[in-house]
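Kindly generate the complete structure, drawing on both the sequences and the hints.
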Amino acid sequence: MEYPALVVGQPSPLVAHFTDARNPDGFRVVTKGRVTATLAYADGSEERFVADKLLRDGIFKPVVQPTKAGEATLTLRLEGEQVAGTVGVGKVTVHPSMAAAVAAAPPEEAGGETAVPFLKEQQWKTQYATAEAVSRVLQGGVRTNGELKPVAGQAAELSAPVAGRIPVEGQVVHLGQAVKKGEVLVRLVPTSSASGTDLATVEMEAARSRAELGLAEREAKRAEEMFAAKAIPEKQLDAARVARDVAQARVAAAERQLSLYRNTQSGGGGAGVTAFELRSPLDGVVSYADVMPGAVVEVGTLLVSVVNPSRLWLEAKVYEADVAKVENSPGASFTVAGFEREFTVDEKTGRRVAVGTVVDRATRTVPVLFELANPGGVLKPGMFAKVTLFTGQTIRDVAIPESAIVDDTGKPTVFVMEGGESFFKRAIRPGVRSGGYVQVLAGVKEGERVVSRGAYEIKLSTATGAIPEHGHQH
Numbered sequence: 001m002e003y004p005a006l007v008v009g010q011p012s013p014l015v016a017h018f019t020d021a022r023n024p025d026g027f028r029v030v031t032k033g034r035v036t037a038t039l040a041y042a043d044g045s046e047e048r049f050v051a052d053k054l055l056r057d058g059i060f061k062p063v064v065q066p067t068k069a070g071e072a073t074l075t076l077r078l079e080g081e082q083v084a085g086t087v088g089v090g091k092v093t094v095h096p097s098m099a100a101a102v103a104a105a106p107p108e109e110a111g112g113e114t115a116v117p118f119l120k121e122q123q124w125k126t127q128y129a130t131a132e133a134v135s136r137v138l139q140g141g142v143r144t145n146g147e148l149k150p151v152a153g154q155a156a157e158l159s160a161p162v163a164g165r166i167p168v169e170g171q172v173v174h175l176g177q178a179v180k181k182g183e184v185l186v187r188l189v190p191t192s193s194a195s196g197t198d199l200a201t202v203e204m205e206a207a208r209s210r211a212e213l214g215l216a217e218r219e220a221k222r223a224e225e226m227f228a229a230k231a232i233p234e235k236q237l238d239a240a241r242v243a244r245d246v247a248q249a250r251v252a253a254a255e256r257q258l259s260l261y262r263n264t265q266s267g268g269g270g271a272g273v274t275a276f277e278l279r280s281p282l283d284g285v286v287s288y289a290d291v292m293p294g295a296v297v298e299v300g301t302l303l304v305s306v307v308n309p310s311r312l313w314l315e316a317k318v319y320e321a322d323v324a325k326v327e328n329s330p331g332a333s334f335t336v337a338g339f340e341r342e343f344t345v346d347e348k349t350g351r352r353v354a355v356g357t358v359v360d361r362a363t364r365t366v367p368v369l370f371e372l373a374n375p376g377g378v379l380k381p382g383m384f385a386k387v388t389l390f391t392g393q394t395i396r397d398v399a400i401p402e403s404a405i406v407d408d409t410g411k412p413t414v415f416v417m418e419g420g421e422s423f424f425k426r427a428i429r430p431g432v433r434s435g436g437y438v439q440v441l442a443g444v445k446e447g448e449r450v451v452s453r454g455a456y457e458i459k460l461s462t463a464t465g466a467i468p469e470h471g472h473q474h
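Using my numbering, you'd call the opening residue of the sequence shown number 1 and step up by one each time.
Among the clues, some could well be false.
Below are the EDC-like pairs computed for lysine to aspartate or glutamate, each with C-alpha atoms no more than 20 Å apart in a straight line [unchecked claim]: (1) Lys125 with Glu71; (2) Lys445 with Glu113; (3) Lys386 with Glu147; (4) Lys425 with Glu448; (5) Lys68 with Asp43; (6) Lys149 with Asp408; (7) Lys53 with Glu79; (8) Lys68 with Glu47; (9) Lys125 with Glu421; (10) Lys445 with Glu132; (11) Lys68 with Asp52; (12) Lys32 with Glu157; (13) Lys317 with Asp346; (14) Lys459 with Asp43; (15) Lys235 with Asp245; (16) Lys380 with Glu340; (17) Lys386 with Asp346; (18) Lys181 with Glu147; (19) Lys120 with Glu418; (20) Lys91 with Asp43; (21) Lys386 with Glu315; (22) Lys348 with Glu371; (23) Lys386 with Glu448; (24) Lys380 with Glu342; (25) Lys235 with Glu224; (26) Lys221 with Glu203; (27) Lys411 with Glu113; (28) Lys149 with Asp283; (29) Lys32 with Asp20; (30) Lys325 with Asp360; (31) Lys180 with Asp20; (32) Lys425 with Glu132; (33) Lys221 with Glu234; (34) Lys235 with Glu255; (35) Lys317 with Glu371; (36) Lys221 with Glu205.
Derived CB-CB ranges, DEER-like [to be verified]: (37) Gly80 with Lys181: 44 to 50 Å; (38) Ala252 with Ala229: 28 to 34 Å; (39) Ser159 with Gly377: 23 to 29 Å; (40) Lys61 with Pro24: 24 to 30 Å.
Honestly, the hints are just simulated from the structure, not real lab data. Glycine included, every Cβ here is placed at the ideal spot set by N, Cα and C.
Below, the structure written as structure tokens:
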């Protein structure tokens, strides 16, 4: 609020800016209501001055015109549908004359911190809020980076076991589709690189290999008899035996291929044609699908990936110097891009799975795994996470919201509120981070208020000189 000195008989307009500060995630401008300014004198008498409507959004302008001099207590009462309450301005002096008011004006103080202006009109146009620096119990922790991954055994990739063609008929699996364990996702009709290879071709190849084996066995038996009669040299006998062994290997390979085709046939590839069926090995959601009806794919081509997102692993990479602190970590908190809230893993929401036993030579880190529930599948495997691993120790100290800290040329900085529209820029020394709050070792005192939402906008405005240095024009 801005107002001139209070003088008997002189109108003094109070330019009062009202903000609804109930939501810590963002204050809002007051757009409805009426304001009553009350002067309560020491003798018990009162004078009331009312502004029935806003001058404009957020601003009321009751005009105070005192009738007697002396000390008084000034209060403002806001009434309205949006928000209501009383603001105590405090002790004020009503001067008997303008000359007395000028004589009583305090001299301007020189030196001290330089205040950064940020007018209410600017605050109301952005997401802005303040929070008090108070003593809190903080969970000791180690900060690091991590990644969300599928739980072991809860993700699978299905690749083409043979070169084949995807039939044109039938449904096609798609990204995001929910599937059940055993459900057919892809049918694949085997082909060769030059021509179609169906069941009849495989059976003919098996029959041919068996016939060749019979011939090779007879030749080997005849060679043994002739060698016994010393009619041929031993070298010729060895050649006949090798030919028999090769024929046996061909038969075995042909039988295996025939068995594989018969075990996987579904009748979906056309008359007399075998089709491989790729089935989901788990309940989950299709996370990758490259299935085009009629397309011909090579052996090993990835066709479908399935993942169960109901539970995930958080893999945190802890630097070797901090490993000893988190060997028995009871849990962790983390944030991911796109979510303002912080997620927590503890005995209620998950569990610690394992701590790595080997330091990675390239990154000098050790992985620490946590498993957590993922209701609604809001978290996605592959997300990058900023992780705080709890050490199990707790401390009590002055703390501020983590959102209040901005980077200013490499230094963690906050804006401490001096008045409603002026702030001190302070470099701080942060300590333990826990639950969205940061311990302040230096730079902010208990009871001071910091900008918890909109600090970056203040920093940006001061850098560009976009904010006027003094006052308003009302």
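Here is what the structure says about each hint:
1. Lys125 with Glu71: The given pair, whose Cα atoms are some 38 Å apart, is violated under the 20 Å limit.
2. Lys445 with Glu113: Holds - the C-alpha atoms of Glu113 and Lys445 are around 15 Å apart, at most 20 Å.
3. Lys386 with Glu147: Holds. Lys386 to Glu147 sits at ~8 Å (cutoff 20 Å).
4. Lys425 with Glu448: 13 Å, holds
5. Lys68 with Asp43: Distance of about 11 Å is within 20 Å: holds.
6. Lys149 with Asp408: This hinted pair is violated, its Cα atoms lying about 34 Å apart.
7. Lys53 with Glu79: With Cα atoms ~11 Å apart, Lys53 and Glu79 stay inside 20 Å; holds.
8. Lys68 with Glu47: Between Lys68 and Glu47 the Cα gap is close to 10 Å, so the pair holds against 20 Å.
9. Lys125 with Glu421: Within the cut-off at roughly 14 Å; holds.
10. Lys445 with Glu132: At roughly 10 Å apart (the allowed maximum being 20 Å), Glu132 and Lys445 satisfy the hint.
11. Lys68 with Asp52: Since the Cα atoms of Lys68 and Asp52 sit roughly 24 Å apart, the hinted pair is violated (cutoff 20 Å).
12. Lys32 with Glu157: 59 Å, violated
13. Lys317 with Asp346: 18 Å, holds
14. Lys459 with Asp43: 48 Å, violated
15. Lys235 with Asp245: 16 Å, holds
16. Lys380 with Glu340: 16 Å, holds
17. Lys386 with Asp346: The given pair, whose Cα atoms are some 16 Å apart, holds under the 20 Å limit.
18. Lys181 with Glu147: Cα-Cα ~27 Å, so violated.
19. Lys120 with Glu418: 14 Å, holds
20. Lys91 with Asp43: 14 Å, holds
21. Lys386 with Glu315: 11 Å, holds
22. Lys348 with Glu371: Given that 20 Å is the threshold and the Cα spacing comes to 11 Å, the pair holds.
23. Lys386 with Glu448: Given pair Lys386, Glu448 is violated - Cα atoms ~28 Å apart, limit 20 Å.
24. Lys380 with Glu342: 15 Å, holds
25. Lys235 with Glu224: 11 Å, holds
26. Lys221 with Glu203: 27 Å, violated
27. Lys411 with Glu113: Judged against 20 Å, a Cα distance of about 18 Å means the pair holds.
28. Lys149 with Asp283: 17 Å, holds
29. Lys32 with Asp20: Holds, because 11 Å separates the two Cα atoms, which is no more than 20 Å.
30. Lys325 with Asp360: 18 Å, holds
31. Lys180 with Asp20: 51 Å, violated
32. Lys425 with Glu132: 16 Å, holds
33. Lys221 with Glu234: Holds. Lys221 to Glu234 sits at ~13 Å (cutoff 20 Å).
34. Lys235 with Glu255: 31 Å, violated
35. Lys317 with Glu371: 15 Å, holds
36. Lys221 with Glu205: It is violated: about 24 Å lies between the C-alpha atoms, which goes past 20 Å.
37. Gly80 with Lys181: 44 to 50 Å: 59 Å Cβ-Cβ, so the 44 to 50 Å window is violated.
38. Ala252 with Ala229: 28 to 34 Å: Roughly 32 Å apart at Cβ, these two residues keep to the hinted range, so it holds.
39. Ser159 with Gly377: 23 to 29 Å: Hint holds: Cβ distance 25 Å, inside 23 to 29 Å.
40. Lys61 with Pro24: 24 to 30 Å: 29 Å, holds
Checked against the numbered hints given earlier, this structure breaks hints 1, 6, 11, 12, 14, 18, 23, 26, 31, 34, 36 and 37; the rest are met.
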